[in-house]
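First residue of the first sequence? That's 4 in the working numbering, and the numbers climb one at a time after it.
The set of hints was computed from the structure by calculation and includes no laboratory data. All values reported here derive from a predicted model rather than from experimental measurement. Any given hint could be a false lead.
[Stated by the list, open to error] No more than 20 angstroms apart at the CA atoms, straight line, and that leaves these computed lysine to aspartate or glutamate pairs for DMTMM-like:
hint	residue 1	residue 2
1	K257	E210
2	K224	E277
3	K257	E277
4	K363	E443
5	K159	E181
6	K151	D94
7	K257	E298
8	K257	E268
9	K372	D351
10	K217	D453
11	K151	E114
12	K86	E130
13	K217	E268
14	K151	D14
15	K217	E443
16	K30	D147
17	K257	D236
18	K151	D20
19	K224	D411
20	K224	E291
21	K136	E63
22	K372	D453
23	K86	D144
24	K372	D384
25	K105	D147
26	K86	D120
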Amino acid sequence: MSEEPTEELDDRAGLADHPLTAVRLEKLNEFRSRGLDPYPHTFHRDASAASIHESHPGLEPGAETGEMVTVAGRLLNVRSFGKLRFGVLQDHSGQIQLFVSKAVLGDAAFEIFDLIDNGDWVGAHGEVITTKKGELSIRVDRFDLLAKSLRPLPDKWHGLQDQERRYRQRYLDLTVNEEARATALARIATVRSLRRSFEERGFLEVETPMLQVKPGGALAKPFVTHHKALDLDMYLRIAPELYLKRLIVGGMDKVFEINRNFRNEGIDTTHNPEFTMLESYEAFADYEDVMAMTEQVVAAAANDVTGSSVVMYQGQPVDFTPPFRRLSMLDAVNEQLGLGLAYDTSLDELRRIAGDLQIKVESSWGPGKLIAMLFEATVEDRLWAPTFVIDYPVEVSPLSKRHRTDPDVTERFELIVAGRELANAFTELNDPAEQRRRFELQAAARAAGDDEAHPIDEDYVRALEYGLPPTGGLGIGVDRLVMILTDHASIREVVLFPHLRPE
RNA sequence: GGGUCUGUAGCUCAAUCCGGUAGAGCAGCGGACUUUUAAUCCGUUGGUUGUGGGUUCGAUUCCCACCGGACCCA
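Assemble the whole structure, with the sequences as input and the hints as a guide.
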């Protein structure tokens, strides 16, 4: 790519037509007319706002440290006093005041400084001092415009309030809203904590296909795309599960992956079409082992991100201190409804109870699906403290191993926190014959119109035929964990670029 | 898919209930000022009230449709 210097701005955006942007364009042109480059290629700094604050604590007013620093960031909130200027330089680490004096800079440079607007990117060099009022500052003796902001930033005091713009133009949100920066950093800290927990336990981080021919590993509608050279419909993955278990077949004892899943479903406060999942698989472990690990990993994340294992969420405490409560799905439903249901309760009875609860029952549902729906409708959103709901019906768990003593259920748990599913895990089904039967049941449901039913994956069954050792698997919804750790009710607050309708 | 709310200056918000051609603060622009911290003071510019229709002498306001957004329900 070659790029000619743009002497005349190509103003298709109409910047010259609005007074607030026109004046910035004029200053840009004034810069150029003085032979200065408003968009230089590079700038070398040797300090950050935070590093300067850290290395100069508690200085007296009027102090001169003799230390020279070079910093770079956005210039905000310039205050003008005759032959003095104060401004705030904001970089990734925080803010440091710039003290700009005509006496230090000289007339010519001081005049050029006034061509810089709030929001411009600036590099500055000078001595670390404190002002008469004691504010740690850089007494600027040299500065460079690093990039012009041709558009004015949102209000310096109120920030950017409009939610739609906060999501569509996250760069503005991050620039002016401290809260947005804190949330972004908390998300990064969460992922770092999770990654460290798994690495400490000897798990290997792997990458598996995002483009899949069989969208398996979960019950959900996929996004469809097309591979031209192969003339083949492909799907963005709804889960990495089946590939990760293939790696266990291949002898990689402990693996995990943190990355995006895609589900072609509605968008609301807890669902983004692409979301981040952590999945892990451990050979020779069962769901009890996974439960014990899960509560440790989640509690560690809470501590790493918030400094406490008790987190305030939407005004109520959530205590992540292990061990978490364990509760079977059937007991949970019976406890809530005051009934004595079982997996051999008649379909008529279960349908009647579900109907009474305004659940739209489908004729294909067996007792397991009905009880799972009763659970979702009556119990799930009431579980606030971290709770392992265990022993899910076989019918809704096509990839889970049957319970060792109760043939109606599988060795599966979901971790429910604040009424939402935070994790899903099971002792993996590793009997290829049973896996094939489960897939065939799913295929029947699919043929009956259930487009979220699991497709048959022949190669996955073939892999099981080579032998999947006993394995415990886990999926953690990273976005939802971040929501709880940052006290946000909407997933859009914890995803940097959430999906909205295009402008 | 259904319901409720919402869109006004670059930003944050008034005026809308009860129709009479939109105000403020900040930002911007001009001026004063060598120690500010949302600086202060004086002056000043800035609006197709989301879009399109309808009712009306007159619509930001009432009605309809559409385009976005928020929340609740399914």
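Verification of the supplied hints:
A C-alpha spacing of about 13 angstroms is found between K257 and E210, which places the hinted pair at or below 20 angstroms, so the restraint holds. Note on K224 and E277: the hinted pairing holds, with a Cα-Cα distance of about 12 angstroms set against a maximum of 20 angstroms. The straight-line distance between the Cα atoms of K257 and E277 is roughly 25 angstroms, outside the 20 angstroms bound, and the hint therefore fails. Distance check on the hinted pair: K363 and E443 sit about 25 angstroms apart at the alpha-carbon level, beyond 20 angstroms; violated.
Distance restraint check for K159 and E181: the Cα-Cα separation of roughly 11 angstroms lies within the 20 angstroms cut-off, and the hinted pair is therefore satisfied. Proximity of K151 to D94 is assessed by CA-CA distance (about 16 angstroms); at most 20 angstroms being required, the pair is judged to hold. As the CA atoms of K257 and E298 are separated by approximately 18 angstroms, the hinted pair is consistent with the 20 angstroms bound. For the hint linking K257 to E268, the alpha-carbon distance of about 31 angstroms lies beyond 20 angstroms, and the restraint is violated.
Straight-line distance between C-alpha atoms of K372 and D351 comes to about 13 angstroms, which keeps the hinted pair within the 20 angstroms bound. Distance check on the hinted pair: K217 and D453 sit about 16 angstroms apart at the alpha-carbon level, within 20 angstroms; holds. Between K151 and E114 the alpha-carbon distance is near 16 angstroms, which keeps this suggested pair within the 20 angstroms criterion. A threshold of 20 angstroms between alpha carbons decides the hint, and for K86 with E130 the separation of about 19 angstroms falls inside it, so the pair holds.
The hinted pair formed by K217 and E268 meets the criterion: a straight-line CA distance of about 18 angstroms does not exceed 20 angstroms. For the proposed pair K151 and D14, the alpha carbon gap of about 15 angstroms is at most 20 angstroms, so the pair holds. Between K217 and E443, the direct Cα distance comes to roughly 15 angstroms. Compliance with the 20 angstroms bound is thereby established for this hinted pair. For the hint pairing K30 with D147, the CA-to-CA distance comes to about 14 angstroms; that is within 20 angstroms, so the pair holds.
Restraint check: the Cα-Cα separation between K257 and D236 comes to about 32 angstroms, which exceeds 20 angstroms; the hinted pair is violated. Distance restraint check for K151 and D20: the Cα-Cα separation of roughly 18 angstroms lies within the 20 angstroms cut-off, and the hinted pair is therefore satisfied. Simply put, K224 and D411 have alpha-carbon atoms about 27 angstroms apart, too far for the 20 angstroms limit, and the pair is violated. As the CA atoms of K224 and E291 are separated by approximately 30 angstroms, the hinted pair breaks the 20 angstroms bound.
Between K136 and E63 the CA atoms are separated by roughly 9 angstroms; this keeps the pair inside 20 angstroms, and the hint holds. Between K372 and D453, the direct Cα distance comes to roughly 13 angstroms. Compliance with the 20 angstroms bound is thereby established for this hinted pair. Pair hint K86 plus D144 holds up; C-alpha atoms about 14 angstroms apart against a cutoff of 20 angstroms. Distance restraint check for K372 and D384: the Cα-Cα separation of roughly 18 angstroms lies within the 20 angstroms cut-off, and the hinted pair is therefore satisfied.
Restraint check for K105 and D147: the C-alpha separation of about 16 angstroms stays at or below 20 angstroms, so the hint holds. The hinted pair formed by K86 and D120 meets the criterion: a straight-line CA distance of about 17 angstroms does not exceed 20 angstroms.
Violation of the numbered hints given earlier is confined to hints 3, 4, 8, 17, 19 and 20; the remaining hints are satisfied by the structure.
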